[in-house]
Amino acid sequence: MRTCLLSLVFAGALLAQAPPPDDILFEEGVEYSAVGGKQLLDIARPKTGQGPFPAVVCIHGGGFRAGSRQSFRPIVYYLAQHGYVAATIDYRLSPMNQFPAAVEDSKAAVRFLRANAARFDLDPDRIGATGGSAGGHLVLMLGVTGGVEDFEGSGPNQQVSSRVQAVVNQYGPTDLVASYEPGGSVDAAEVLPMFLGGDLETAMALTRRASPLNWVSPDDAPTLTLHGEKDNYVAFEHAGWITDRLKQAGVPAKLISFPNAMHGFKDPADKERAWAAMVDWFDQYLAPAPKQTLLLVADHGPSGQIVAMDWPSARERWTLPNNRGHDVQILPNGHVLYTTGNWKRVVEADADGEEVWSYGAAEGLEHPVAAQRLPDGHTLIGDMVLGKVFEIDKAGKTVWEYKNPELGDRQMRSARRTPAGTTLIAVERLNKVIEVDKAGKVVWEFRATGGEQRFPYQAWRLENGHTLIGMAAPGQIVEVDKAGKIVRSVGGADGDLRMGWCSGLQPLPGGGFLVSDYTGRRLLEFDGQWKVKNEWRTGKRTVASVSMLR
Numbered sequence: 080m081r082t083c084l085l086s087l088v089f090a091g092a093l094l095a096q097a098p099p100p101d102d103i104l105f106e107e108g109v110e111y112s113a114v115g116g117k118q119l120l121d122i123a124r125p126k127t128g129q130g131p132f133p134a135v136v137c138i139h140g141g142g143f144r145a146g147s148r149q150s151f152r153p154i155v156y157y158l159a160q161h162g163y164v165a166a167t168i169d170y171r172l173s174p175m176n177q178f179p180a181a182v183e184d185s186k187a188a189v190r191f192l193r194a195n196a197a198r199f200d201l202d203p204d205r206i207g208a209t210g211g212s213a214g215g216h217l218v219l220m221l222g223v224t225g226g227v228e229d230f231e232g233s234g235p236n237q238q239v240s241s242r243v244q245a246v247v248n249q250y251g252p253t254d255l256v257a258s259y260e261p262g263g264s265v266d267a268a269e270v271l272p273m274f275l276g277g278d279l280e281t282a283m284a285l286t287r288r289a290s291p292l293n294w295v296s297p298d299d300a301p302t303l304t305l306h307g308e309k310d311n312y313v314a315f316e317h318a319g320w321i322t323d324r325l326k327q328a329g330v331p332a333k334l335i336s337f338p339n340a341m342h343g344f345k346d347p348a349d350k351e352r353a354w355a356a357m358v359d360w361f362d363q364y365l366a367p368a369p370k371q372t373l374l375l376v377a378d379h380g381p382s383g384q385i386v387a388m389d390w391p392s393a394r395e396r397w398t399l400p401n402n403r404g405h406d407v408q409i410l411p412n413g414h415v416l417y418t419t420g421n422w423k424r425v426v427e428a429d430a431d432g433e434e435v436w437s438y439g440a441a442e443g444l445e446h447p448v449a450a451q452r453l454p455d456g457h458t459l460i461g462d463m464v465l466g467k468v469f470e471i472d473k474a475g476k477t478v479w480e481y482k483n484p485e486l487g488d489r490q491m492r493s494a495r496r497t498p499a500g501t502t503l504i505a506v507e508r509l510n511k512v513i514e515v516d517k518a519g520k521v522v523w524e525f526r527a528t529g530g531e532q533r534f535p536y537q538a539w540r541l542e543n544g545h546t547l548i549g550m551a552a553p554g555q556i557v558e559v560d561k562a563g564k565i566v567r568s569v570g571g572a573d574g575d576l577r578m579g580w581c582s583g584l585q586p587l588p589g590g591g592f593l594v595s596d597y598t599g600r601r602l603l604e605f606d607g608q609w610k611v612k613n614e615w616r617t618g619k620r621t622v623a624s625v626s627m628l629r
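According to the numbering used here, the sequence shown is numbered sequentially starting from 80.
Hint data in this document are derived by calculation from the structure and do not stem from the laboratory. Keep in mind that a hint or two might mislead.
Once the Cα atoms are required to be at most 20 Å apart in a straight line, the calculated SDA-like pairs of lysine to any residue come out as [claimed, not checked]:
1) Lys126 with Asp200
2) Lys612 with Ser392
3) Lys561 with His545
4) Lys517 with Gly574
Pairwise CB distance ranges (calculated) [as the list claims (entries may be wrong)]:
5) Thr528 with Lys612: 45 to 51 Å
6) Ser336 with Asp573: 28 to 34 Å
7) Gln371 with His457: 30 to 36 Å
Beta carbons: idealized from backbone N, C-alpha and C, even for Gly.
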């Protein structure tokens with residue numbers, strides 16, 4: 080075993096001698112703690128890209144008694160090339176230093192990085208840990224003992240947390256008591272007493288205390304375990320034990336096995352697979368929170384409100400009463416244009432919710448269901464009782480009007496002006512969308528088929544000249560060409576996605592869109608490939624329209 084250990088350390092040292100790649104920044108010999116002597120780390124960072132970057136603490140193996148930070152330089156180079164700030168650390172080794180010294184040093188390293196986030200251009204809220212063998216054990220301890228004061232030690236930066244947000248354990252032991260059992264480990268009886276200060280007879284309680292398996296709780300870090308099935312230093316069963324225990328606690332956990340691997344990943348193909356899986360795990364759990372965009376929705380349900388929220392988190396910012404109105408638009412100056420239900424008004428409110436403009440019953444409105452502020456400051460309004468869509472100037476004077484009995488008797492819904500100056504009108508109850516020019520002539524029409532209640536609610540003209548339309552029964556979004564042919568679709572009777580009534584709709588940059596499934600009570604954001612990107616269950620709210628600054 081000693082020969083094997085020394086050969087592994089020597090091989091790691093040879094790899095560590097390779098110079099850092101040109102596309103990263105590298106700093107070596109940074110002191111992170113002085114407990115028990117200087118404890119150093121080497122740190123690699125991306126040379127390009129916009130920080131702050133997520134960070135990973137990397138911890139070498141060596142039976143808790145050998146090894147050095149230099150042996151893990153290749154892995155920190157790799158992580159830096161994939162967008163991470165990565166630090167490989169030294170820690171106090173046995174037998175001169177016994178448990179929990181190595182755990183305390185590992186936590187001190189995390190605290191150091193978090194306290195020096197600005198210095199290293201890292202995100203203090205996104206720190207992970209990876210390690211192999213003994214290092215795997217230590218990163219597991221980081222993942223399962225967040226907030227356990229007994230393991231913090233006396234190192235610096237006690238004012239910040241040592242919690243990590245994700246762990247990749249590479250063939251680390253998880254139950255040190257079981258390591259003593261036949262087939263558990265070929266060297267546990269030699270290594271563990273030096274690490275713990277006693278064997279099972281003299282240090283059973285400490286052996287259990289040092290086992291990550293015994294610290295699992297629901298608030299632990301998501302953990303990926305990579306382990307060779309032929310490992311005779313740390314039996315493969317350890318990987319299953321920790322993965323199952325974490326899952327039982329409700330913690331995201333995954334095991335990837337390597338059928339022909341022993342202790343460590345000597346085969347280049349195994350190493351490549353392991354490192355790629357490591358990055359995938361960190362990408363999943365250390366990814367930055369999605370950038371939040373202001374979204375307005377018109378709640379046509381019992382609450383009757385305009386709701387401003389962050390998207391995609393759906394965190395509410397504020398609300399305004401709209402008496403169950405149908406439409407809403409966020410304006411470039413931060414103001415809000417919206418319709419009210421039986422109040423028979425179209426209102427513009429400023430960022431504080433104060434009314435700054437309105438047009439309503441005094442001007443003859445009956446039931447406005449559509450309102451759009453145009454680039455020249457005019458306002459387009461659709462009234463489903465009056466049966467007309469009209470444009471007014473800033474003074475409230477009508478400068479354009481299209482009136483048709485088909486729009487009355489509550490048959491129309493949304494109206495939107497196109498970049499070409501025509502107007503798209505959803506005549507919901509007649510299952511059609513019409514396009515009207517400035518002369519009041521219908522120049523294009525799309526009829527929804529497949530039932531009497533397909534009810535197109537809203538239509539938008541896209542940059543390619545096609546039209547995006549949302550329909551109902553079943554909910555469906557279609558892209559229609561100039562000839563009226565559906566060239567793209569999601570939902571509907573034949574689709575995998577089931578929606579009820581697609582009401583509010585807005586195209587987004589990159590070819591995606593946001594839609595309200597009115598009766599399904601959810602908002603769905605689709606990417607440019609028309610795949611669901613974000614979803615929010617609206618609960619008691621039934622959203623008629625949506626508006627996001629584009």
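Next item on the list: Would you list, in rising numerical order, the hints stated earlier that this structure does not obey?
Entry: 4, 5, 6
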